[in-house]
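*Asks:* Chain by chain, the residues run as shown.
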Amino acid sequence: MDCFDEGGDSLSHLFEHNGASGRGYSQPEPISPVDNLQIPSSLVRSKLPRWPRISEPEMVRHYTWLSNRNFGIDTGFYPLGSCTMKHNPRVNEVIAQLPGIADLHPLQPEHQIQGTLAIFHEMQEMLGICAGMDAVTLQPVAGAQGEFTAIRCIQEYFRSRGELNRTKVIVPDSAHGTNPASASMAGFEIVEIPSQADGRLDLDALRAVVGDDTAAMMITNPSTLGVFEPEIAEAAAIVHEAGGQMYYDGANFNAILGRTSPGIMGFDAVHYNLHKTFSQPHGGGGPGSGPIGVKSHLADFLPGPIVERREVASGDTLTAVNDEWWYHWQEPEHSIGKVQQWHGNSGAVIRSWAFYRRYGKDLKTMSEHAVLNANYLRHMIMKEAEEKGVSHVFCDGAPVDVVKHEFTLSLAPLKEQKGLGAMDVAKGLLDKGYMAPTVYFPLIVPECMMIEPTETESKEVLDEFAKKFVEVLQEDADVLHNAPVTTKVRRVDEVYAARNLTLSYPFDE
Amino acid sequence: MVDQLPNLGREKEMLAAMGMSTMDDLFADIPESVRMNEELPLRGPQSEEEILADARRILGANVALGDRVNFLGAGLNRNYVPASVFQLVTRGEFLTSYTPYQPEVSQGMLQAMWEFQTLISELVGLEVANLSVYDVSTAAAEAITCSVRVNNRKASQKSTVYVSELTPPARISVIHNYTQGGGITIKTLRHNSDGTLDLDSLSEAAGSCGIYVEQPNPLGILDGGLTSVKGIIGDNTAFIVGVSPVSLGLVEAPGNYGADIVVGEGQALGSPITYGGPLYGIFACTKAYLRQMPGRIVGRSIDVDGNEAFCLTLSTREQHIRRHRATSNICTNETLIALMGAMHMSLLGPEGLEKLAQRNMAACQLAKQKLSEISSLNMPHSINTHYNEFVLELPGSASECISYLDTQGLIGGFDLSNWYPDNENWLLVSFSDQTTSKDIDLLVAHLSVWTASMKGVTA
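Protein sequences appear in the order of chains W and P. Just so we're aligned, residue 25 is where the first sequence starts under my numbering, counting upward by one. Just so we're aligned, residue -15 is where the second sequence starts under my numbering, counting upward by one.
Quick caveat, the hints were computed from the structure, so don't treat them as lab data. Just to be clear, a hint being listed does not mean it is correct.
The list that follows gives simulated cross-link-like pairs (lysine-lysine, DSSO-like), each with its CA atoms no further than 30 Å apart [claimed, not checked]: (1) W/Lys192 - P/Lys142; (2) W/Lys483 - P/Lys171; (3) P/Lys142 - P/Lys271.
Away from chain W, derived, C-beta distances all over 10 Å, residues of chain P [stated by the list, open to error]: (4) Arg137; (5) Ser140; (6) Lys142; (7) Asp178; (8) Gly215; (9) Leu232; (10) Ala310; (11) Leu355; (12) Ser359; (13) Met363; (14) Glu377; (15) Ser381; (16) Ala429; (17) Ser437; (18) Lys439.
Even for Gly, the Cβ is constructed at its ideal location relative to N, Cα and C.
Just chain W, with the same shape it has in the complex (with noise of 0.2 Å):
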C-alpha cells in the first residue's frame, strides 16, 4: 500500500507546486480593458498571495491523494457516537446540483421559487409532526446554531413577559458541550446537575435548582449515554411548575422517530440535526443544519422569515407546484431577526427533503432500526467478550436492558489492569480498518467509548466488528500503546502541534 500512496502526488504538498505559468482553469479576457480600473492608489495590491500554481491533472491528482488519505461512511464503519453516521444517498447529492436550487439567490421574489419554499414548507411540516412541535424555522445552520437560537427565543419569551430574573439554564452533566456553551453565549448563567450513579437524570438534584430563576433546561433523550430517560416528564413538570422551558437537544433524534417525540414528553423547543437524523453528509466538518421546533407559545419569536401557505388567488403567477397553494415568507411578529444571513443552509435541507420523501411514515422502521442495530452490536460484543473470557476488561456504561440508537462501554477496568485506555483501544479499532467510537465522552463516565452503528449497517458488519471489538480488548498493551501501525501515518502527537504552532504552510522554512 506504501508504494500505492507515495505514488500518488510527488508532492505532497500543494505550495509546492510553482510551475511558473501554471493555471488550474483557463479564463475568458475580461469583457472590456483592464489598464485603467482606477482602483485608489493606497488599495493597490502589493503583492499576490503565495498560492500554489498548478495545473488541472495536477489539482486532481492532489486531492485524490488527500481523499485517499481520509475516511469517510464510505469507506468503512464509522461508530462514532452522538455523531449518527449513516449512509448518504447519492441521489440527494445529485437533487443538490440541480440548478433549481444550486442557482438560486435567496434575494430572488417568491414568483421565482415557488418550488423551493414548497419543498421549505413541507420540511417544516415534517419536522413539526416528526417531533410534536408547532412551528418550524430551517435557519440555524447547525446543531450549535440551532441550539442557540432556541435558547434565544426563550430568552425573548420571557422578557415579553416581563420575567427579567430569569436567568440561568439547567444542563445535565451528561450534556454536549455546545449546550452550556450555546446558552452562555445568549447571556444565561450555567447551571450544571449531577447525574444519577447510573447516568440517569436525577430529579432531586433537578428539584434542588429550579426556581423562579430558571429560564431552561437542555436536555437529550435518549441522554448521551444512548439510555431512555424514563422520568423525562416528570422532569418536564418540575421546571414547568417553576416556570421553566424545556429544550430538546435533537442531536440523538434518530432513535425516537414515530415511537414518541419530544412534544409528547413535554418539551417546548427542540433542535434537529439534519446533519445526524436526516442524512446531510457531514462533509469532514460540516455544513449541517439545524433546524428547531417550538410549540406555539414560542413561535412568534422565531427567526424569520418561514415559510407559510395559502390557496391560489387570481393574479398569482403559478407555476408546476401551485395547483392548489401559493406559497410565501412570513416574519413572526416578534422574531428573534437571524441567526444567518440568508434562509439558513437551504442545499442541506433539500438532501434532507430527498432523504424523507425515500421513508416517509416509515421514518418509524427507520429509528427502530437504528436501535434494532445498536442493541445487537451491544449484545454480540457482550458474547463475544464473554466467550473470548475479556468481559472484565470494561463495563457497561449504563447498566439497562435495552439501550437507544447507541452505548457506551467504560473502559476503566482495562485502564487499571493494563494501563490501556478508551484512546488506546481507538486506536486499536483503526487498525482493524474502523473508525473509532466517540471516546472520552460523555464526560461522567470513565474511559469512556460510545458507539453508535446507525440503521444502514448490515448484521454482517455488526457481527464482524463485535469481534474484531473484542480482539483489540485481547490485544497486548504493547500493541495497543504503539497503535496504529497501518494508517497513512501513525499517532499523532498533539501536543506538539500546540507547542509548535504551525498553522499554514511555512514557506521561508
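Based on these hints, arrange chain P on the given structure of chain W.
*Replies:* Chain P alone, transformed into the frame defined by chain W:
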C-alpha cells in the same frame, strides 16, 4: 426505504439473538405515558426515481439565475466554479467523513484544511485563519465578540464595538443576536454622502474594543480611506474588515493596512449560491487574537515516527473542552464548502485570482460607463471606484423598476430600500465574471425604456 436498510426482513433473527421477539421489546423502556401510539401522519415512502422526478418538477418551478440575465448580487456572486471542484468534493472519503477527531485516518481533510488556512492567510494578509465559520454574518458577529474578549481590559469604551451604518440589516441582526448576551453595545460608524467612511465619526471609536467595516462596502465602493483607519483607532481597538475575497486579486490585503481580523463571504470562491447556503465564512486574524478566536484550527505536527502529520489544535478554546467558557459554541462548521474554496483557489493560482478580479471589475466598470449614458439615471457614488456593484438612483421606485425588468426577463438587481428605507429609488446592480457585454446592453436598453416611461409619468 427498502434500499437503505440492510437488515430489513432480518429483524426476527437479530431480535432472537438478543432473546427478544418484537421491535416493541426494544422500546419497552419508553414509559407508556410518553409513547406515540399512532402512525406518523406523513406520506408513504418513494423510490429514488420518484424522488428525483419530483425534485426536477418542484425545483424546475423555480427560476434559476442562469435562466435569466441577472444583476442580483448584494454580497453573493454567481462566479464560475470549475467542474473538477464538484467532481472531487463528492468523493466519499471527503463527503461522508465527520470532523477529524481521529487524525491518523483523517490526514486528507486535515491537510486540505491546513492548506485552506494557508490560502486564506495569504489572501487576506494575516497570520492565522480558521477552517471556516457559517457565513460572513456569523463571521462578523464572532469577530466582534472576539475583539471584546481581547481588548475589553484596556478599553476606555468597555464592551463597545462600532459597526458601519451601511452594514445590511440582516447582518446587523445576526450581530445583535450574537452580542446581546455578552452585554456588548453596538454603536454606529457614519459614512459620507459619497459612500465612503466618515473618518471624523471613526475618531469616536478610539478606545472601543473594535470597529467593523467592509471593503468593498455594501454599496460596492472600494474605500481608500480604510488604509488610515488603524492609525486613528490605535492598537487596542480591533480593526475588523469584511471582504469580498475575489476582489483581493487586485485590492490590497487588509492585513497589509492594519486589519486585526478579516472576515468574508467565501462563497464566490468555490461554491454556487445555493439560495444563500451552505456558504462559508472566512475568519482570519493576527496572532494577538488567536487564542480568543472561534472555530476549528488545524496545526502541523509529527507522528510517533517523526513524520509530518496534521491534527486539530488549540481545542481548549472550544465548547467540547471549555463548555460554557468556550470562545464560541460553534462545532459543525462549513468544512466541505471551504474545501471547495481551497480547490478553486488552488486552480486559480495568484495570477488566476488577479484575472478573475479583473474580469469582475471590468464588467462593473463597463456597466458603470454604459449606464452613465442614460441621463435620467443618477449614480450617487460615481466619484468612487466600484467592485462588483454600484447604486443607481432611479427616477421612480426600485421595486417598480425590478418588476418591469422581471416582465422583460431580467433579474434587475436589489431594491436597496430593503436595507436603507429612506432610499426607495436606489437600485443595487451587480456584475460579475459571468456578466457579458450583451447583458449590460440589455440592461441599458430596458432601463432606457423604463426611465423614459417614468419621464412620461412625471411630465
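*Asks:* Verify this label for me: P/Asp178 is non-interface relative to chain W, using a Cβ-Cβ cutoff of 10 Å.
*Replies:* holds, 13 Å
*Asks:* For P/Ser381, which was marked as not at the interface, is the minimum beta-carbon distance to chain W over 10 Å?
*Replies:* holds, 15 Å
*Asks:* For P/Leu355, is the shortest CB-to-CB distance to chain W above 10 Å, so the non-interface label stands?
*Replies:* Label holds. Min Cβ-Cβ 13 Å, cutoff 10 Å.
*Asks:* Given the proposed pairing of P/Lys142 with P/Lys271, does the C-alpha separation stay at or below 30 Å?
*Replies:* Distance of about 22 Å is within 30 Å: holds.
*Asks:* CA of W/Lys483 to CA of P/Lys171, is that 30 Å or under?
*Replies:* Violated - the C-alpha atoms of P/Lys171 and W/Lys483 are around 60 Å apart, more than 30 Å.
*Asks:* Far enough from chain W: is every CB of that chain over 10 Å from the CB of P/Ser140?
*Replies:* holds, 24 Å
*Asks:* Just want to verify: P/Ser359 was marked as not at the interface with chain W; is every Cβ pair farther apart than 10 Å?
*Replies:* Since the minimum Cβ distance to chain W is about 22 Å, P/Ser359 lies beyond 10 Å and the statement holds.
*Asks:* Against chain W, does P/Met363 keep a CB gap of more than 10 Å to every residue?
*Replies:* The claim stands: P/Met363 keeps its Cβ more than 10 Å from every Cβ of chain W (closest is about 14 Å).
*Asks:* Measuring Cβ to Cβ, find out whether P/Leu232 lies farther than 10 Å from everything in chain W.
*Replies:* P/Leu232 is in fact no farther than 10 Å from some Cβ atom of chain W, at 7 Å.
*Asks:* Does the claim that P/Glu377 lies outside the interface with chain W hold up, using a Cβ gap greater than 10 Å?
*Replies:* holds, 19 Å
*Asks:* Far enough from chain W: is every CB of that chain over 10 Å from the CB of P/Ser437?
*Replies:* holds, 21 Å
*Asks:* So is P/Gly215 really clear of chain W, every C-beta pair being over 10 Å apart?
*Replies:* Holds, because the least Cβ-Cβ distance between P/Gly215 and chain W comes to about 12 Å, which exceeds 10 Å.
Against the hints set out earlier in the document, violations occur for numbers 2, 9, 10.
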